[in-house]
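Asker: Chain residues, written in single-letter form:
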Amino acid sequence: MTTVVTRRRAPEPPVRPGRRRRVASAALKAERRAGLLMASPALLVFTLFMFIPLALTFWYSLQRYSGFGRMRFIGLDNYAAIINDATFWTASLNTLLYTALTVPIGIVCGLSAALLLNRWMPARGLFRALFYVPVVISGVASGIIFLRLFDPIVGILNQMLTTIGLPAIDWQGNGTWALVSIILVSTWQGIGFGMVVYLAALQGIPREVYEAGTVDGAVGWKRFIHITWPLLRPTTFFLVVYSIIGSFQVFDVVYVLTRGGPGTSTTFLVQYAYDQGFNQRRQGYAAAIGVIIYLVVLVFTVLQWRFSKSRDDA
Amino acid sequence: MSTALTSVATTEVTAIEEANATLPKDEERRQPRRVVLTRVAIAVVAAIILMFPMYWMLRTSVATSDELSTLPVPLWPQDWHWENYTQPWSQYPFGRWLTNSVVIAVLSVVFTLAINLMAGYAFAKLRFPMRNVLFLLIISTLMVPVQVIMVPQFQMVIDLHLINSNWGVVLPRLAEAFGLFMARQFFLSVPDELIEAARIDGAGHFRTFWSVVLPLSKPLIASLVIFTFMWRWNEFVWPLIVLNDPDAYTLPVGLQFLIQQFSSNFGPLLAMSFLSILPMLLVFAFFQKYFVEGVARTGLK
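Chains as they are written, first to last, in this note's numbering: chain E, 5 to 318; chain Y, 282 to 582.
Calculated directly from the structure, the hints in this document are not laboratory data. Some clues are possibly wrong.
What the hints assert, rightly or not - Derived SDA-like pairs (lysine to any residue); straight-line CA-CA distance at most 25 Å: (1) K33(E) - P334(Y); (2) K33(E) - L469(Y); (3) K226(E) - R314(Y); (4) K33(E) - S371(Y); (5) K313(E) - V303(E); (6) K33(E) - A395(Y); (7) K570(Y) - V140(E); (8) K33(E) - L495(Y); (9) K33(E) - L417(Y); (10) K33(E) - D482(Y); (11) K570(Y) - L120(E); (12) K33(E) - A405(Y); (13) K570(Y) - F242(E); (14) K226(E) - T319(Y).
As the list claims (entries may be wrong) - Taking beta-carbon pairs under 10 Å as the criterion, some of the chain Y residues facing chain E (in silico): (15) V325; (16) I419; (17) S446.
Said to hold, decoys possible - To spell it out: a stretch of chain E is covered by chain Y in this simulated footprint if at least three of its residues, at any positions, have a beta carbon under 8 Å from a beta carbon of chain Y; those stretches are: (18) 124-131; (19) 252-264.
In this text, all values refer to a predicted model and were calculated from it rather than measured experimentally. Backbone N, C-alpha and C define an ideal beta-carbon position, used for all residues, glycine too.
Kindly generate the complete structure, drawing on both the sequences and the hints.
Answerer: Below, the structure is given as structure tokens:
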């Protein structure tokens with residue numbers, strides 16, 4: 005994934021061939037042993053709690069299983085059922101819609117915040133910190149905070165809307181508005197992260213580039229379009245893929261704020277998997293949904309990996 | 282942009298500090314006063330909007346349910362009901378939840394650090410068989426959501442008799458590639474000459490790691506501690522699955538339990554929510570720069 009820092013090994017002094025090989029191989033063995041030993045706790049943990057469960061997920065997805073008692077092998081029946089499961093398709097569509105909306109909104113907000121707070125201004129550090137605060141708050145606490153804000157009857161948001169003459173919004177009873185409320189909370193939670201990543205990238209643009217641009221007449225908006233935005237492309241790509249994968253995992257806020265409702269209008273794939281596995285006790289079915297989520301996430305991970313590799317090689 | 286983004290990440294904080302320390306006067310001169318004022322105005326408005334939910338949490342946390350259901354709700358508290366902050370402690374095992382959260386976060390930090398520092402060093406600096414394949418395998422799980430593996434993992438926790446135990450929450454979540462990735466990334470930037478010098482002086486691989494490399498790794502350790510603490514402190518899905526006994530809950534699981542208990546009595550609920558995020562806010566306030574640095578380090582690669 006990175007080849008930024010090249011391994012520099014000092015050329016070894018010439019020693020008589022026979023003796024040298026023996027010494028080298030002893031040193032190599034020691035290095036191997038140390039390497040394996042130091043990596044072994046991680047390898048153990050990953051084998052036990054990641055690779056085996058991942059393989060087992062595929063196995064469970066071929067079973068009918070309630071979580072206790074006997075498992076029954078049913079082949080691809082779970083997958084066949086998924087294809088005909090209307091709720092699964094609703095959840096997929098919701099996930100897709102949510103992703104298609106949150107990712108661009110998040111990029112625009114994060115970049116705007118970074119551009120706003122990149123150059124010197126009074127209290128810049130404080131503003132940066134305030135924008136970042138929602139990132140460090142737990143999803144459950146954020147959900148509770150917004151539960152109060154979005155309350156259709158006594159919520160402060162509707163109170164403000166009606167005060168300025170707008171109609172009150174049914175944040176919890178109307179599917180579309182419920183989805184909007186989830187998107188708003190996610191954006192609130194995500195601005196700080198996007199901002200910090202973009203700030204790091206902006207710091208990396210040498211001032212000379214801008215100075216050269218100014219000579220060529222690239223100022224203001226033009227400068228952004230022709231210089232800043234193209235130079236930020238790798239960062240944007242990273243953020244897009246990262247946010248797409250992240251938006252497949254949105255759970256905490258939905259669990260607290262809407263419980264996937266009203267009906268199934270804010271049910272996403274991860275909620276549906278959780279609900280099937282731990283409320284409906286259809287663990288084989290939940291595992292099959294898990295396999296599908298895994299494959300989707302894998303596609304994006306590979307995409308990102310290939311991109312960062314080609315970028316590093318360039 | 283093909284210039285090393287890693288170095289951008291590691292120098293980012295110094296860049297910010299330098300910008301804060303030396304450049305203001307210089308840059309101030311370059312920016313018209315009007316532009317700076319406009320930017321400040323926009324930032325103030327944005328900060329007010331972004332911070333309003335936080336303010337409203339605090340405001341609601343000292344209100345009674347009567348006050349909150351009589352419209353319009355005043356923007357500033359009329360009287361302060363501090364008992365919202367104290368009463369829930371006796372009605373619900375809030376102290377237990379706090380203890381559980383602390384124990385889980387601390388255990389996770391200690392183990393994640395030990396495992397990832399060692400493995401990160403091995404993957405970055407020591408040659409051993411299958412090194413690259415193994416690293417790639419681990420990295421490929423970087424983005425796997427808990428929901429993908431929760432069913433077999435839950436079975437495993439049952440088989441290990443760890444339901445409702447702190448270890449049932451801690452152990453399975455140690456298999457997270459982020460820390461390892463971050464550690465390897467950092468160790469790659471440690472010059473080989475330094476390690477070889479220690480080796481020539483007769484230090485073994487472990488000694489070199491312990492007394493030469495680790496003392497240089499304070500920024501990495503700080504970022505790892507802070508991020509692991511934050512993720513484990515805020516974690517919800519996995520504890521929700523493993524912990525069924527109210528006494529075993531962590532703060533987030535306990536909070537969602539309180540939602541049903543308090544139903545429309547939002548005062549105490551928001552007071553407890555605030556208390557649950559307070560430690561995280563304090564950590565953030567004190568170690569702000571490591572958050573930025575850590576995001577840059579993991580974020581860009």
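Asker: Are the hints correct? Go through all of them and say.
Answerer: Quick rundown of the hints versus the structure:
{"no.": "1", "hint": "K33(E) - P334(Y)", "verdict": "violated, 59 Å"}
{"no.": "2", "hint": "K33(E) - L469(Y)", "verdict": "holds, 21 Å"}
{"no.": "3", "hint": "K226(E) - R314(Y)", "verdict": "holds, 21 Å"}
{"no.": "4", "hint": "K33(E) - S371(Y)", "verdict": "violated, 61 Å"}
{"no.": "5", "hint": "K313(E) - V303(E)", "verdict": "holds, 15 Å"}
{"no.": "6", "hint": "K33(E) - A395(Y)", "verdict": "holds, 24 Å"}
{"no.": "7", "hint": "K570(Y) - V140(E)", "verdict": "holds, 14 Å"}
{"no.": "8", "hint": "K33(E) - L495(Y)", "verdict": "holds, 23 Å"}
{"no.": "9", "hint": "K33(E) - L417(Y)", "verdict": "holds, 23 Å"}
{"no.": "10", "hint": "K33(E) - D482(Y)", "verdict": "holds, 19 Å"}
{"no.": "11", "hint": "K570(Y) - L120(E)", "verdict": "holds, 19 Å"}
{"no.": "12", "hint": "K33(E) - A405(Y)", "verdict": "holds, 17 Å"}
{"no.": "13", "hint": "K570(Y) - F242(E)", "verdict": "holds, 22 Å"}
{"no.": "14", "hint": "K226(E) - T319(Y)", "verdict": "holds, 19 Å"}
{"no.": "15", "hint": "V325", "verdict": "holds, 8 Å"}
{"no.": "16", "hint": "I419", "verdict": "holds, 6 Å"}
{"no.": "17", "hint": "S446", "verdict": "violated, 15 Å"}
{"no.": "18", "hint": "124-131", "verdict": "holds (count 7)"}
{"no.": "19", "hint": "252-264", "verdict": "holds (count 6)"}
Consistency with the previously given hints fails for numbers 1, 4 and 17, ordered from lowest to highest.
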